[in-house]
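Q: Here is what each chain is made of, one letter per residue.
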Amino acid sequence: MDTNPGLYGLLAEFDSPAALLQAARTAYEAGYRRMDAYAPFPIEGLPDALGFHRTKMPLLILLGGIVGALSGFALQYYCAVVSYPLNVGGRPLNSWPSWIPVTFELTVLLASLTAVLGLLALCGLPMPYHPLFHVPRFSRATRDAFFLCIEAVDPRFERTATKAFLAGLNPREVTEVPQ
Amino acid sequence: MSQAITPATSLETSQRGEVTAAEWARVRRTALLVAVVGAAAFVLLGLIHWFLQRDEGPKQLLVSYLVGYNYWLGSALGGLVFLMLQYVTGGAWGLFLRRILEASASMILPLAVLFVPLICGLPIVYEEYGHWTPVPTEPKLQFKAIWLSAPAVTLKAILFFACWIGLAYLFRRWSRQQEEGANGRILERCETLGAPGIVIYALTITFASIDWVMALEPDWYSTIFPAMFAVGQLLNGYAFALTVLLLLSDRKPFAGAIQPAHMRDFGSLLLAFVMFWAYMSFSQFLLIWVGNLPEETPWYLLRSRGGWQYVVGFIALFHFAVPFMLLLLRDIKEHRRRLLVVAVGLLIMRFIDLLWWIEPSLNHHGQYFYWLLDLAAWAAIGGLCVWWFTGQLRGRPLLPWNDPYLAEVLRHE
Numbered sequence: 088m089d090t091n092p093g094l095y096g097l098l099a100e101f102d103s104p105a106a107l108l109q110a111a112r113t114a115y116e117a118g119y120r121r122m123d124a125y126a127p128f129p130i131e132g133l134p135d136a137l138g139f140h141r142t143k144m145p146l147l148i149l150l151g152g153i154v155g156a157l158s159g160f161a162l163q164y165y166c167a168v169v170s171y172p173l174n175v176g177g178r179p180l181n182s183w184p185s186w187i188p189v190t191f192e193l194t195v196l197l198a199s200l201t202a203v204l205g206l207l208a209l210c211g212l213p214m215p216y217h218p219l220f221h222v223p224r225f226s227r228a229t230r231d232a233f234f235l236c237i238e239a240v241d242p243r244f245e246r247t248a249t250k251a252f253l254a255g256l257n258p259r260e261v262t263e264v265p266q
Numbered sequence: 523m524s525q526a527i528t529p530a531t532s533l534e535t536s537q538r539g540e541v542t543a544a545e546w547a548r549v550r551r552t553a554l555l556v557a558v559v560g561a562a563a564f565v566l567l568g569l570i571h572w573f574l575q576r577d578e579g580p581k582q583l584l585v586s587y588l589v590g591y592n593y594w595l596g597s598a599l600g601g602l603v604f605l606m607l608q609y610v611t612g613g614a615w616g617l618f619l620r621r622i623l624e625a626s627a628s629m630i631l632p633l634a635v636l637f638v639p640l641i642c643g644l645p646i647v648y649e650e651y652g653h654w655t656p657v658p659t660e661p662k663l664q665f666k667a668i669w670l671s672a673p674a675v676t677l678k679a680i681l682f683f684a685c686w687i688g689l690a691y692l693f694r695r696w697s698r699q700q701e702e703g704a705n706g707r708i709l710e711r712c713e714t715l716g717a718p719g720i721v722i723y724a725l726t727i728t729f730a731s732i733d734w735v736m737a738l739e740p741d742w743y744s745t746i747f748p749a750m751f752a753v754g755q756l757l758n759g760y761a762f763a764l765t766v767l768l769l770l771s772d773r774k775p776f777a778g779a780i781q782p783a784h785m786r787d788f789g790s791l792l793l794a795f796v797m798f799w800a801y802m803s804f805s806q807f808l809l810i811w812v813g814n815l816p817e818e819t820p821w822y823l824l825r826s827r828g829g830w831q832y833v834v835g836f837i838a839l840f841h842f843a844v845p846f847m848l849l850l851l852r853d854i855k856e857h858r859r860r861l862l863v864v865a866v867g868l869l870i871m872r873f874i875d876l877l878w879w880i881e882p883s884l885n886h887h888g889q890y891f892y893w894l895l896d897l898a899a900w901a902a903i904g905g906l907c908v909w910w911f912t913g914q915l916r917g918r919p920l921l922p923w924n925d926p927y928l929a930e931v932l933r934h935e
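Same order as they appear, the protein sequences are chains A and B. Count along the first sequence from 1, then add 87; that gives the number in the numbering used here. Count along the second sequence from 1, then add 522; that gives the number in the numbering used here.
Treat the hints with care, since some could be wrong.
To be verified - Simulated restraints on C-beta separations: (1) 859/B x 176/A: 49 to 55 Å; (2) 157/A x 826/B: 23 to 29 Å; (3) 850/B x 243/A: 36 to 42 Å.
To be verified - Incomplete in silico selection of chain A near chain B, CB under 8 Å: (4) 93; (5) 184; (6) 185; (7) 187.
These are calculated hints, taken from the structure and not from any lab test. In this text, a Cβ means the ideal position worked out from N, Cα and C, and glycines have one as well.
Just chain B, with the same shape it has in the complex (with noise of 0.2 Å):
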């Protein structure tokens, strides 16, 4: 191809040494710290809006919860299908951001503990379940009411919490191994449960995607949905593995190691994964307005009235349009605060999409300051999760030095 490189003098700048651990200790504060804060901020404006709508109040809370929930879930499970993707694949991108993404899949433990509120909030949130009471008489109708009553998405969610900590936990054990000692069969043995965990959760994603989002509309449905859900999910956890990368790439052991062309194929798979979002969000939206069915445009009617039609124009451009066009530019790859910025507004703009899919199933009266307790929910949840995160990742080494590949990945200079 073209042969335009320059040398990537933004790279080389500032190499300091490792993360110490009063650095980490301090990061970690700061996560509780905006945890607790978070999570103070959602109780007070969660009274006061209870306060405020006493119908709509506790059910405000919990979709708001929702909101933040998902983000992180988002994150987690994100970060477990990219690990396993770079287990398959192979690939230098992959070896850089494994300790990362096996830190991103072990989130998954403390999100399967925040789920209890949902689950004890089931029939508050999904209310909706329970107009089919007395039982509709259409078969159709019938098994919907039992595929989503309480217990039976209560069941299906500790069956899917029970597959995602089984993932995380055998590759993060096995990667221990590794480490202790150069075992050739562990790389082959992660190798060899990658593909099928990958097909795990693309089943058990579409059954959770539409038990706690799509059924907060339980009318609507759109078999895409799911795989929409998935692949922002996929771009979430992305996008977090590689923001923490970024952060930590003028620090030992990724200073010097990581060169021009691996920020390239990050940044590369970064658009690949902003134009895969697109085109699942553009194809349902296609599909819903050229059928025009009275059961399926609803959702989008909803979607783009009150407001909530400069949400969509915010998305399109800063979800995909300027992402999009910045991802093309390899000045942008190659420069490590210039991916950093794109990858953390790819993460905001994640948030508003999830709200935008989220919040206009309910029906909020003109008020508009819920927003602030998702972003609440958010920090509680994120703060956590962090501080579980930075808790995984320290005290490890960042890269796996056992891997029979990585001395290939160091060796040019």
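Bound-form chain A, shown alone (with noise of 0.2 Å):
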């Protein structure tokens, strides 16, 4: 971060889908790890080309969900057992099968909820400012144009070596981008 004082990274335009993959491939193979690329849609080898690793989003949909199943039962347990005990029809109180059903949603309620909050949160969403937005052709990344930055934060990165490497990806053109 020193040796690059008030840099955010440096970033190359491609013209295709598959030179931002190609490009992606190389960096990765030369050594880089902190770098993103951004795309209007999804390219299918893009997140294996940049390394991307798995993240604990499964693990906390599961947490959600099993707190949902457990909530969602002990709701009706206290209700229909503990608080206000009622004989319907000469059925047990704990009446396990018909309380599947509530159960059942609230897995899934919170299952659904843990995901959407927790995505958001993994992303750092939402986030009215990010240093890309100085390069004013950023904006075309939502449209038509294909971006691979690496951070200047990479052990690797190095101002007029990157740069260098970049060049020599065959891209539109490489931009400096401020913090």
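Join the two chains, each given in its own frame, into one complex according to the hints.
A: This is the structure in structure tokens:
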């Protein structure tokens, strides 16, 4: 960081998804890790090329589901057995079969809420400011341009060498991104 | 969504060439051998059983036959429905499975012939039909007595098989035409028939399941039963086709073509139908349990006593809980052998579930070895069905090369 004051990273723009995919692979092979790719649509194989790791989302969602199931069942158990026991047609107070639908619904509810909120939290959203917004052409990432950004925090990052490396990948242009 | 994709090395291991004619012949010989051994065991065990229990003997034989028969009927009809479904929905999974599903659906032809013993045995299997003579006075029961009489059941069975064979024949014929010349209209035709075909299946299986399985206890009725029965068949048909695909997946032309993303789709579809089955099965139980009506509860009372309670627990655990948890995991779905184990496990559970539906309708007088009879019938019918199935599958390209969407599916690397 100190060697590159005020620099967030270097942004290379490519014309096609294939070129971006190839660039990401080459950069990964060259040892770069702190980088990200931006494209208007999902590109098959791109996460692999960037060396994406598994996230904690599945575990969080599972935990959300388990909490939902337990609380759904406990809610009904407390109402029907502890708080207000009522004899309905001679059935046992703990009529578990009729509690399964609500238990199931709460499992799904808490699991999906965890998925939505957890995704936002882990992605750091909402994010009103990002250094890449300094690059005017970056707005085309949502339309027709494909970008690869190597961030300055990467241990291998070096302003001139990385710039030369990116220029060698045949991009449309390479831009410095200020913090 | 989350971006965790690890390269699926599992798929690339040991790619081999196409299945050779000699290999098909060996599989078919084994299938025939299983059929013969199964039939011999069925006759032998049946005679012993008949000797031990003179009054229930022939009925037990036919009911065991019904268990084995229904299993393979599920593989065939489930295959037919998935064949129509993949035409209607589209998607890569359907292109990989299409030829296998066509061969599954074609098993309906030998199964139609194998239905003859059940037609002949109607008065024995469904002897309760007879306990309405003289014809009851209540109008509802009068209708039931006619609807479930042997001639009516026979006529309906002919109609059902005509529908199923007709559908299987048309899809197969059109896919052959597509194979011979690339006519773009063929796919359109298949898609057009697919949707009404699924409706035809839903209607026919509703009445067929009532006539053939629910009528074993003719006083009992459940409006959700046909849906539960149909979902069981769908799971059976899909798990069967998926098992065959996974067994062939390290061979050409599947090797290298099936990507981890496809494997996840196959696994997720299996998970969906495991959940659908559990939903239907539990719904029927819940409604009857909450209703608590004397004409409905005996079905479950019979099936939760005398040892059957352990079978119920086993089914709840291994037909739902365990495969449900396993199929949530990406590491299972993307891995050929692991997914294969889950699919085969579910096929075994389909047999146990059918056995649990059908067998308790009989009084076994404390004897338990009838399940060997069920297994022998399963092997005899299954050997024949698999022999027919592989006969349909070999000698044809395993991928629909003239399908306009196939190139798109195979394009990425």
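Q: Look at each hint and say if it fits the structure.
A: How the hints compare with the structure:
1. About 50 Å separates the C-beta atoms of residue 859/B and residue 176/A, a value consistent with the hinted range of 49 to 55 Å.
2. Here the CB-CB span from residue 157/A to residue 826/B is close to 26 Å, well matched to the stated 23 to 29 Å.
3. The beta-carbon spacing between residue 850/B and residue 243/A, approximately 38 Å, falls within the hinted interval of 36 to 42 Å.
4. With a cut of 8 Å, the hint placing residue 93/A at the interface with chain B is violated, because the nearest CB-to-CB distance is about 30 Å.
5. With its C-beta approaching chain B no nearer than about 5 Å, residue 184/A sits inside the 8 Å limit, and its interface hint holds.
6. Proximity of residue 185/A to chain B holds as hinted, the smallest CB-CB distance being about 6 Å (cut-off 8 Å).
7. Restraint check, residue 187/A versus chain B: the minimum CB separation of about 7 Å is within 8 Å; hint holds.
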